[in-house]
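Q: Sequence:
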Amino acid sequence: MKKDRIHRHQTTCSVVFHVVTILLLLGLSLPMAAQDSLYARRMIRDLTSPSMFGRGMQHRGDSIAAAYLRQEFRAIGVKPLCKDYYQYFRFPMTRTTPPIVKSGYRSQNVCGYLPGSSDSMIVFTAHYEHLGMSGDTIFFGAHDNASGTAAVMDLARIYSQQPHHYTYVFLLFGGEESGLVGSSFFADLPLVSLQKVKLLVNIDLFCGGDDGLMVVNANDDRTRQYVDILDDVNAKHGYAAKIGRRNNAPNSDHYHFTSLCPAIFIYTLGGPYGGYHSPDDKCESCGLGHYHDFLLLIRSMLEAIEAL
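Per this note's numbering, the sequence shown starts with residue 755, numbered consecutively.
A couple of the hints might just be wrong.
With beta-carbon atoms standing in for the labels, derived distance ranges [claimed, not checked]: (1) Ser1013 - Thr848: 26 to 32 angstroms; (2) Ala1003 - Asp982: 16 to 22 angstroms; (3) Ser1013 - Gly992: 33 to 39 angstroms; (4) Gly858 - Leu945: 20 to 26 angstroms; (5) Lys856 - Asp974: 35 to 41 angstroms.
Derived pair list, reagent style EDC-like, types lysine to aspartate or glutamate, alpha-carbon separation capped at 20 angstroms [to be verified]: (6) Lys950 - Asp986; (7) Lys952 - Asp986; (8) Lys950 - Asp873; (9) Lys996 - Asp1034; (10) Lys990 - Glu1060; (11) Lys990 - Asp1047.
Treat the hints as calculated values from the structure; they're not laboratory data.
C-beta atoms are modelled at their ideal positions from N, C-alpha and C, and glycine is treated no differently.
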């Protein structure tokens, strides 16, 4: 039964990816959003592969995923922020329910950057690990958070191909599901000067989005101006159905940075996606119909910030 489930997962998501790829190679027309989400779909497919065991501690799935992301950073041309891209940390606690971890278990953040003409920084973050496994059940974690990881990697790919004023930093955290462990470690022992961070954008839960986007820590004195820019860009172009605003909350990896630099957390509102902390959160359930517009919205906000 387990092998059958894994085979169906691999087959369905691979068919979606390869059909789109074949059509592109044949030069057949596709909606622009489908083409622009192709890289993200490939990333989500790979990160939710059963061979990554839900990107948790079991079978060192988190380390398998980290090695994959490190290799992708190298291929894109993102420079290592620390030795071989890895900032290692250990878990301070033991958990017996997903995400199952043992006290002292070593994981890693994957950290890279693209130098700009200024040493002021825009930082993108996402957590790449997920719940792992419970018995034979794999929690694939497409929406949470292969999707956000894919978006950060896509932004790295895009900005590696064009000049930019700010230095762009890309932080992919482990240990989020166990209590923001990796991001807390980085905030305590940062590899960059956080005083030079213009804005940190954390992306988590990025599938779907039929109902728009939510911005957490949107009302802080240091972030309100940037969310206003996001609103203005969206009012002009209509990238998202709406943009909601929330006060700060310890609900993702932005949280430990909010006292250190301007930091926001963006997530989607509405589906489609395969559930939250569910084994059904799979690649084929992750809707990317709004993905292109949401990435354009974030990039347009950053262009406006650079123009200030």
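Q: If a hint holds in the structure, say so; if it doesn't, say that too.
A: These are the hints, each one checked on the structure:
no.	hint	in the structure
1	Ser1013 - Thr848: 26 to 32 angstroms	28 angstroms, holds
2	Ala1003 - Asp982: 16 to 22 angstroms	20 angstroms, holds
3	Ser1013 - Gly992: 33 to 39 angstroms	34 angstroms, holds
4	Gly858 - Leu945: 20 to 26 angstroms	22 angstroms, holds
5	Lys856 - Asp974: 35 to 41 angstroms	36 angstroms, holds
6	Lys950 - Asp986	25 angstroms, violated
7	Lys952 - Asp986	19 angstroms, holds
8	Lys950 - Asp873	7 angstroms, holds
9	Lys996 - Asp1034	27 angstroms, violated
10	Lys990 - Glu1060	18 angstroms, holds
11	Lys990 - Asp1047	13 angstroms, holds
Comparing the model with each earlier hint shows violations of hints 6 and 9; every other hint is respected.
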